[in-house]
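Number of protein chains: 2
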Amino acid sequence: MDIKKYLQEKKEIVDKALENYLPNRTEKSGEAGFPTSLRKAIQHSLFSGGKRIRPILSVAAFEAVGGKGDKILPFACGLEMIHTYSLIHDDLPAIDNDDYRRGKPTCHKVFGEAIGILAGDGLLTKAFELMTKPSSGDLAVILDIVNEIARASGISGMVGGQVADIESEGKEVDFPTVEYIHTHKTGALILASVRTGVKLGRGDDETLKAFTRYGERIGLAFQIVDDILNVEGKAELLGKSTGSDLFKRKATYPSLLGLEESRRRATELMESAIDLLNPFGPEVEPLKEIARFIILRES
Amino acid sequence: MDIKKYLQEKKEIVDKALENYLPNRTEKSGEAGFPTSLRKAIQHSLFSGGKRIRPILSVAAFEAVGGKGDKILPFACGLEMIHTYSLIHDDLPAIDNDDYRRGKPTCHKVFGEAIGILAGDGLLTKAFELMTKPSSGDLAVILDIVNEIARASGISGMVGGQVADIESEGKEVDFPTVEYIHTHKTGALILASVRTGVKLGRGDDETLKAFTRYGERIGLAFQIVDDILNVEGKAELLGKSTGSDLFKRKATYPSLLGLEESRRRATELMESAIDLLNPFGPEVEPLKEIARFIILRES
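Residue numbers (my numbering), protein chains in the order written: chain A, 4 to 302; chain B, 4 to 302.
There could be a bad hint or two in this list.
All copies of an identical chain are treated as equivalent in the list; a pair is satisfied when it fits inside any one copy or across any two copies.
[What the hints assert, rightly or not] In the SDA-like style, the derived pairs of lysine to any residue whose C-alpha atoms are separated by at most 25 Å in a straight line are:
| hint | residue 1 | residue 2 |
| --- | --- | --- |
| 1 | Lys212 | Ser138 |
| 2 | Lys74 | Thr210 |
| 3 | Lys212 | Gly246 |
| 4 | Lys136 | Glu219 |
| 5 | Lys251 | Gly115 |
Note that these hints are calculated values from the structure, not bench results.
Go ahead and model the full structure; you've got the sequences and the hints to work with.
Following this line, the structure appears as structure tokens:
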């Protein structure tokens with residue numbers, strides 16, 4: 004299969020759904036509108052050329068277990084909104100203080116810190132509004148999915164990992180701490196994306212178990228590759244400065260294990276993730292190719 | 004009825020539930036824990052002597068329509084978590100830059116801005132985790148409630164109102180803008196609290212309609228009284244500095260209509276909210292007393 008074409012096609016579906024879900028009413032007062040600046044700030048960050056890995060993983064897992072139709076899209080888009088809010092907040096001066104993201108000025112650089120904070124808050128809340136809207140289908144499954152996504156994004160997931168990341172800056176940290184940061188800051192939401200697709204597509208328990216182990220491995224591999232790219236990636240491809248982890252003395256795989264060993268581990272994780280899917284048929288091919296793409300990407 | 008005793012009893016129930024819902028595992032790495040600093044920051048803000056008006060409103064409305072038992076508590080506590088996150092983010096230097104809240108240093112003053120931002124994010128996400136956990140009961144009603152709370156808290160509700168508030172600082176604004184700010188920044192979540200109780204308690208459509216109009220009125224009255232207290236309240240009772248709205252040239256009822264007219268309108272809203280409940284029996288007495296309390300409070 005042509006993975007680039009697959010990713011492009013799915014990205015277009017996700018982008019179109021995101022545009023559809025974000026209200027474009029712009030009245031400043033009265034009725035159901037909301038301030039123009041807030042809409043602009045959200046759109047600036049949401050449509051800035053993201054790869055849409057999380058929503059595409061949820062769609063690919065949904066279709067791999069036989070799911071059909073569009074009902075995955077509210078969850079796919081919710082996952083991307085949560086990811087985007089986390090980037091907006093991470094970029095803030097008080098946290099990572101980044102001026103560029105995907106080759107564009109970060110949200111707070113364009114709209115100011117106050118709007119940056121509130122655009123993030125708005126996107127996170129919008130994700131939950133969107134994901135709780137479906138009123139048909141198996142409502143117990145929907146509630147369970149939203150609950151899992153909340154857990155993966157919150158204090159015991161992404162937010163917890165981000166706090167541990169900040170607190171580890173400039174300190175000597177051990178390997179379990181780096182692993183905690185990676186599996187929580189990045190891994191938890193990637194895993195939740197895969198599991199969302201399986202659950203909504205009504206995959207059986209055995210499938211959920213195998214896909215969960217796949218999701219854990221690619222989630223960790225994804226963050227290791229991110230760390231490697233921060234050291235040796237090309238800034239013009241990444242759209243942001245490199246070397247910042249080293250400068251901030253962040254706890255990363257390369258800083259603890261070196262580049263070569265980090266690359267080896269990421270490749271090993273990718274291969275074992277693919278092996279876990281071997282018992283399944285051709286319907287899991289996109290998930291295998293996404294695992295390869297995560298390792299081979301240059302941005 | 005003794006409203007002070009009623010509020011105290013309900014507050015104790017809400018406080019106990021909140022303590023129960025917030026995980027106290029504190030491992031920094033591995034397992035299901037999350038960083039200690041995050042837990043401390045969340046607890047600092049969540050247990051700092053709030054009046055718990057929103058959760059108590061949801062409980063009072065739930066019981067007024069015949070709801071029984073504890074199943075309102077996840078929603079009551081979710082509403083309070085969302086309210087608390089909004090206070091933490093509003094207090095940040097980039098937004099209102101407040102050093103004190105309820106007589107204590109604000110979250111970011113104690114734990115730093117980064118943890119302040121992430122504690123807010125964590126609380127907001129925790130609210131949705133908590134509210135989507137119930138797996139029994141009428142799941143369609145639960146999804147509908149969570150969806151309404153998300154809408155009330157987000158870009159078309161509280162976050163939208165907060166952005167409009169910030170953007171109005173130092174400007175001449177008209178009355179519809181001030182009303183937009185008040186009904187969205189504060190009113191939306193208060194209204195959602197009342198409606199949550201009615202929906203979960205299975206009040207009929209007529210009741211929901213009447214309670215909605217009650218909720219709209221007390222939500223607006225609450226913010227008008229807040230604005231009045233900012234002008235003439237006692238700082239030692241409020242636990243925060245007064246006069247800050249004037250200093251920041253915020254768009255408020257007193258700045259547009261004067262103190263006397265603002266007081267008159269708040270009282271009128273309270274009286275008409277109470278009138279709306281007159282067709283109901285003694286079970287709505289707590290809601291009537293809460294309306295009076297909102298107007299008469301000194302903090």
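Right, here's what the structure says about each hint:
{"no.": "1", "hint": "Lys212 with Ser138", "in the structure": "between (28 Å within a copy, 22 Å between copies)"}
{"no.": "2", "hint": "Lys74 with Thr210", "in the structure": "within (20 Å within a copy, 33 Å between copies)"}
{"no.": "3", "hint": "Lys212 with Gly246", "in the structure": "neither (37 Å within a copy, 58 Å between copies)"}
{"no.": "4", "hint": "Lys136 with Glu219", "in the structure": "between (28 Å within a copy, 23 Å between copies)"}
{"no.": "5", "hint": "Lys251 with Gly115", "in the structure": "both (23 Å within a copy, 18 Å between copies)"}
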